[in-house]
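Peer 1: Sequence:
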Amino acid sequence: MVSTVEELVEGKHQQEDALTTGIEKVTSKVPSATFLAAGFAFMGISALLALSGRTKAANFIGQWVPTILIMGLYNKVVKEHEPD
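Numbering (our numbering), first residue to last: 40 to 123.
Treat the hints as calculated values from the structure; they're not laboratory data.
Where a beta carbon is used, it is the ideal one built from N, C-alpha and C, also for glycine.
You may find that some hints are simply not true.
[To be verified] Below, computed lysine-lysine pairings styled on BS3-like, alpha-carbon distance capped at 27 Å:
no.: 1; residue 1: LYS95; residue 2: LYS64
no.: 2; residue 1: LYS115; residue 2: LYS68
no.: 3; residue 1: LYS64; residue 2: LYS118
no.: 4; residue 1: LYS64; residue 2: LYS115
[What the hints assert, rightly or not] Between beta-carbon pairs, the in silico distance windows are:
no.: 5; residue 1: GLY92; residue 2: GLU119; range: 24 to 30 Å
no.: 6; residue 1: ALA76; residue 2: ASN98; range: 19 to 25 Å
no.: 7; residue 1: ASN98; residue 2: VAL69; range: 33 to 39 Å
no.: 8; residue 1: LYS95; residue 2: PRO70; range: 29 to 35 Å
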């Protein structure tokens, strides 16, 4: 039974590797500065919406910023760990 579980885990691991490799190939083509610029742009948009009194929209847009910055961080880490 142990070999069956090990084979199952190995199969899942290979499947995950194929998926993440595909995603990383696409995202590594995007410059890291793009994510940083997008994060700052959405911060600015959120601030402008807040100043204009549209606080719900400002909060909604403002919540995108951490996600975009984390995507940029992941992008940078992937690029640094790519095999030459």
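Peer 1: Each hint needs a verdict: does it hold in this structure or not?
Peer 2: Each hint tested on the structure:
| no. | hint | verdict |
| --- | --- | --- |
| 1 | LYS95 <-> LYS64 | violated, 36 Å |
| 2 | LYS115 <-> LYS68 | holds, 11 Å |
| 3 | LYS64 <-> LYS118 | holds, 10 Å |
| 4 | LYS64 <-> LYS115 | holds, 12 Å |
| 5 | GLY92 <-> GLU119: 24 to 30 Å | violated, 43 Å |
| 6 | ALA76 <-> ASN98: 19 to 25 Å | holds, 22 Å |
| 7 | ASN98 <-> VAL69: 33 to 39 Å | violated, 27 Å |
| 8 | LYS95 <-> PRO70: 29 to 35 Å | holds, 32 Å |
Checked against the numbered hints above, the structure violates hints 1, 5, 7; every other hint is satisfied.
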